[in-house]
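**Q** What follows is each chain in one-letter form.
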Amino acid sequence: QQQVKQSPQSLIVQKGGISIINCAYENTAFDYFPWYQQFPGKGPALLIAIRPDVSEKKEGRFTISFNKSAKQFSLHIMDSQPGDSATYFCAASMEQGRVDKIIFGKGTRLHILP
Amino acid sequence: DVKVTQSSRYLVKRTGEKVFLECVQDMDHENMFWYRQDPGLGLRLIYFSYDVKMKEKGDIPEGYSVSREKKERFSLILESASTNQTSMYLCASSLGTGEISYEQYFGPGTRLTVT
Numbered sequence: 001q002q003q004v005k006q007s008p009q010s011l012i013v014q015k016g017g018i019s020i021i022n023c024a025y026e027n028t029a030f031d032y033f034p035w036y037q038q039f040p041g042k043g044p045a046l047l048i049a050i051r052p053d054v055s056e057k058k059e060g061r062f063t064i065s066f067n068k069s070a071k072q073f074s075l076h077i078m079d080s081q082p083g084d085s086a087t088y089f090c091a092a093s094m095e096q097g098r099v100d101k102i103i104f105g106k107g108t109r110l111h112i113l114p
Numbered sequence: 001d002v003k004v005t006q007s008s009r010y011l012v013k014r015t016g017e018k019v020f021l022e023c024v025q026d027m028d029h030e031n032m033f034w035y036r037q038d039p040g041l042g043l044r045l046i047y048f049s050y051d052v053k054m055k056e057k058g059d060i061p062e063g064y065s066v067s068r069e070k071k072e073r074f075s076l077i078l079e080s081a082s083t084n085q086t087s088m089y090l091c092a093s094s095l096g097t098g099e100i101s102y103e104q105y106f107g108p109g110t111r112l113t114v115t
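Protein chains in written order, with the working numbering: chain A, 1 to 114; chain B, 1 to 115.
Everything labelled a hint here was simulated from the structure, so no lab data went into it.
Quick caveat: nothing in here was measured; it's all calculated off a predicted structure.
Wrong hints could be hidden among the right ones.
As the list claims (entries may be wrong) - With a straight-line Cα cutoff of 30 Å, these simulated BS3-like cross-link-like pairs (lysine-lysine) come out:
(1) A/71 / B/3
(2) B/71 / B/53
(3) A/106 / B/3
(4) A/42 / B/18
(5) B/3 / B/57
(6) A/5 / B/55
(7) A/71 / B/53
(8) A/106 / A/71
(9) A/58 / A/71
(10) A/106 / B/57
(11) B/13 / B/3
(12) A/42 / B/53
(13) A/58 / B/57
(14) B/18 / A/58
(15) A/106 / A/68
(16) A/42 / B/71
(17) A/42 / B/3
(18) B/18 / A/57
The task is simple: from the sequences and hints, build the whole structure.
**A** As structure tokens, then:
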């Protein structure tokens, strides 16, 4: 119930194409769904996030689509660029006691071909 | 900008050694976290702390302990290192309560090898 399932494990996309990463969750108590981006040798950094009362959020070339009834959400990267090559983690969070715990998916290694 | 620093980028230790990983954040954040990252397993929470001297177990606390004597500093301790603790260790911090408290800021990680 605490898991966040992420697919695919790895993804190769041509420059200019659309990259799509999908995630699913079970626990309806989650109330915040962030995506983190990690470059080699760096820690993850928040990319974009959404709350379940919104079906879509767009920031530049990055869009989260959220389907509350299906308990699924996805990240779309439009016009993918080589600089987007990184590992992406979807996550789900809720307040537990005094702390906001985040449950991470297992990650997707994205490679954009130049 | 929030800065989370970790004492070492790379560390090599022998089986049975006591290992200390240090993490410092400079934004007066209430919450601090230790994760380990392994290929194909994502990030798994080891321990977290919501206040000085307060700590709670995460999902995989076995073989680890933590210490938070000052608000800005959170240490991860491997009492007796074992080869299955070879991993990337990531420290993170978050603000605390309120709307923007969910965002966690990560350090660059410490790659620990236990031989």
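**Q** The structure should be examined with respect to each hint, and the outcome stated for every one.
**A** Now the hints, each set against the structure:
Restraint check for residue 71 of chain A and residue 3 of chain B: the C-alpha separation of about 34 Å exceeds 30 Å, so the hint is violated. Our distance criterion of 30 Å between C-alpha atoms is met by residue 71 of chain B and residue 53 of chain B, whose separation comes to about 9 Å. Taken as a hint, the residue 106 of chain A and residue 3 of chain B pair is honoured in the structure, with Cα atoms around 25 Å apart against an allowance of 30 Å. For the proposed pair residue 42 of chain A and residue 18 of chain B, the alpha carbon gap of about 26 Å is at most 30 Å, so the pair holds.
Between residue 3 of chain B and residue 57 of chain B the CA atoms are separated by roughly 24 Å; this keeps the pair inside 30 Å, and the hint holds. In summary, the hint linking residue 5 of chain A to residue 55 of chain B is supported, as the alpha carbons are separated by about 28 Å, within the 30 Å threshold. Among the hinted pairs, residue 71 of chain A with residue 53 of chain B is inconsistent with the structure: their alpha-carbon atoms are about 37 Å apart, more than 30 Å. Between residue 106 of chain A and residue 71 of chain A, the direct Cα distance comes to roughly 17 Å. Compliance with the 30 Å bound is thereby established for this hinted pair.
Restraint check for residue 58 of chain A and residue 71 of chain A: the C-alpha separation of about 19 Å stays at or below 30 Å, so the hint holds. Of the supplied pair hints, the one linking residue 106 of chain A and residue 57 of chain B holds, its CA atoms being roughly 20 Å apart against a limit of 30 Å. With a CA separation close to 27 Å, the supplied pair residue 13 of chain B and residue 3 of chain B stays within the 30 Å bound. About 28 Å separates the Cα atoms of residue 42 of chain A and residue 53 of chain B, which keeps this hinted pair within 30 Å; it holds.
Distance check on the hinted pair: residue 58 of chain A and residue 57 of chain B sit about 35 Å apart at the alpha-carbon level, beyond 30 Å; violated. Taking the CA atoms of residue 18 of chain B and residue 58 of chain A, the gap is about 46 Å. The hint is violated against a cut of 30 Å. Between residue 106 of chain A and residue 68 of chain A the CA atoms are separated by roughly 21 Å; this keeps the pair inside 30 Å, and the hint holds. Taking the CA atoms of residue 42 of chain A and residue 71 of chain B, the gap is near 24 Å; set against the 30 Å cutoff, the hint holds.
For the suggested pair residue 42 of chain A and residue 3 of chain B, the alpha carbons sit about 13 Å apart, so the restraint of at most 30 Å is met. Distance check on the hinted pair: residue 18 of chain B and residue 57 of chain A sit about 46 Å apart at the alpha-carbon level, beyond 30 Å; violated.
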